[in-house]
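Q: With the hints as extra help, turn the sequences into a complete structure.
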Amino acid sequence: MRRISLTFLPLLVLAAGIVVGAHAASAKTTLALVAYSTPKDAYAKIIPAFESTAAGKDVSFTQSYGASGDQARAVGAGLSADLVALSLEPDVSTLVKKGIVPSNWNQNSYHGMVTDSVVVFVVRDGNPKKIHTWADLTKSGVQVITPNPFTSGGARWNVMAAYGAQRAQGKTDKQAIDYLKKLFKNVPVLPKSAREATQVFASGKGDVLLTYENEAIYANKKGVHTEYVLPKQTILIENPVALTKNGLNHSEAKAFLKFLWSSKAQKLFGDTGYRPVLKSVAKSAKYKYPKPKSLFTINSKSLGLRGWKSVQFRFFDHSSGIMVKVIGH
Amino acid sequence: MATNPAVPVSRPGAVANRAGGALARGIAVGYLSVVVLVPLAALIWASRADGAATFWDEITKPEAAAALKLTLVAALVVAAFNAFTGTAIAWVLVRDSFKGQGMFNAVIDLPFALPTIVAGLVLLELYGPNSPFGVDLAFQRAGLIMALLFVTLPFVVRAVQPVLLELDRDMEEAAESLGARRLAVFRRIVFPNLLPAILSGVALAFARAVGEFGAVVLISGNVPFKTEVSSVYISGQIESDNPTGAAAVSVVLLAISLAVLLAIGAFRHWRTRHDR
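Residue numbers (numbering that gives the first Met the number 0), protein chains in the order written: chain A, 0 to 328; chain B, 0 to 275.
If you are wondering where the hints come from, they were derived from the structure by calculation, not from laboratory data.
As the structure is a prediction and not an experimental result, all values here were calculated from the model.
Below are the DSBU-like pairs computed for lysine-lysine, each with C-alpha atoms no more than 35 angstroms apart in a straight line:
1. K138(A) / K225(B)
2. K60(B) / K180(A)
3. K68(B) / K184(A)
4. K278(A) / K39(A)
5. K138(A) / K60(B)
6. K225(B) / K128(A)
7. K60(B) / K173(A)
8. K180(A) / K308(A)
9. K138(A) / K68(B)
Chain A side only, calculated, beta carbon under 8 angstroms to chain B, not exhaustive:
10. G68
11. N147
12. E195
13. G327
Even glycine gets a Cβ: it sits at the ideal position worked out from N, Cα and C.
A: Next comes the structure, spelled out in structure tokens:
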């Protein structure tokens, strides 16, 4: 008996320590923001801007940044969050399914989307391989760098941009899938994430990097010369934000969410390369972006895109998805 | 025979304060449970979540099987290579003396100190398409092996070094004075004493190579059936919302590592018995 109790004593001490530690609380309202990595620099300016408004006076933030899928899983597993900012809608849907984000999160005039961007082609200086169209990507001798869509949720935008661009040019579903096969024949490596794809491209591998316009613009702003081509047909990337049920209990969290669609915050997002979603800001000369001939979304039904839920299953299911066959041979 | 610090032998006869012994054992068991056993049990539990048939399907999927095979072969190659280079480096550090030896000794542990993703990035710069030496190993199996060699370097060196330091030089000198050649002295006297330490280093290097993620994820290119290792495959399954598949492959990796560690442990035990 005595031996058993001594054996478990350290466990008891540990448990007691955890309970005591959890009681250390603070007085001021602290909101937890859990976000994907790219908008980190934007939030670094938006949060102080919010804190200088009347609504944000007594609010402080804890911030966590990481890969969108990892962040969603962390919140799903219990990481405390009042507000989540993720790179694509399915990561929010994961949290809706778990009952952490209310199902009406996208019932506002922006459908829950706080920033936009588009898929572009980053090319080598002077565009030596003369890459201008989606067709150019499948020419022999062209190497395309894009992350593995099975390891990078964000890379799924690239795949759907490629598919949708074919449909927008009048191709059939089958032709568009054949295009994906040809495209991925020109993909020599499959980096795990968008960040790693950028590293691989920077290391000298490949002729074209499929990425987001905001990443290319931001690199240029930071002084890393990045030449890119906006294709005639591309997908509109929309990044969601949502309050968790926890966050809904705090009026400050609601105020912060509203602030993200204010012209001040939208301009700060714009400064880091995103396309603002607020019309008044998007129209101003500084944040005006060229509009491609055909700009479609993940919900462009006429192009066979029926929203993330359908696309996830049809293209990215881990055993039966179209992309399993496109990549795995 | 020289005592071998790398082979701790339990001493059943050791008498200590009984209550103190139980407390120490309690701390050891409690700590091991919290840090290792409980997470491993949870992992095995997760892998069985959808039944044994699903478990089997998950680990025999062509892509999963190819990744497992590549991981094991790469880990074996790396472990074997380390057995030679690690012993040689330890030898040089102990038996040789040269300028900058202290620095050389300190550098050995650097692969542990560096975040592995940084190691991957550095290797990609040095041995990628823009290599200053004109050596492009990136995005092929050679690059994968190189990254694994980098992160596993310290294991054998650090296992062999203390044993070599403790080794009684008198024996070697006696053998030499009796006319044995240098090679024979190494083979018959030094090597048998080093073998347990070499094996323990090799086992750790193998286990580390099986599980390595950060260092290989950039430089290997992650192409399924070509350069995708299991750790990268597992991360893909998690991102694709297939935690059962991820857990199943992890359990296989774990079982293999455990089997190797146990086998080497058993071999060492057997040798220690026969030496005495």
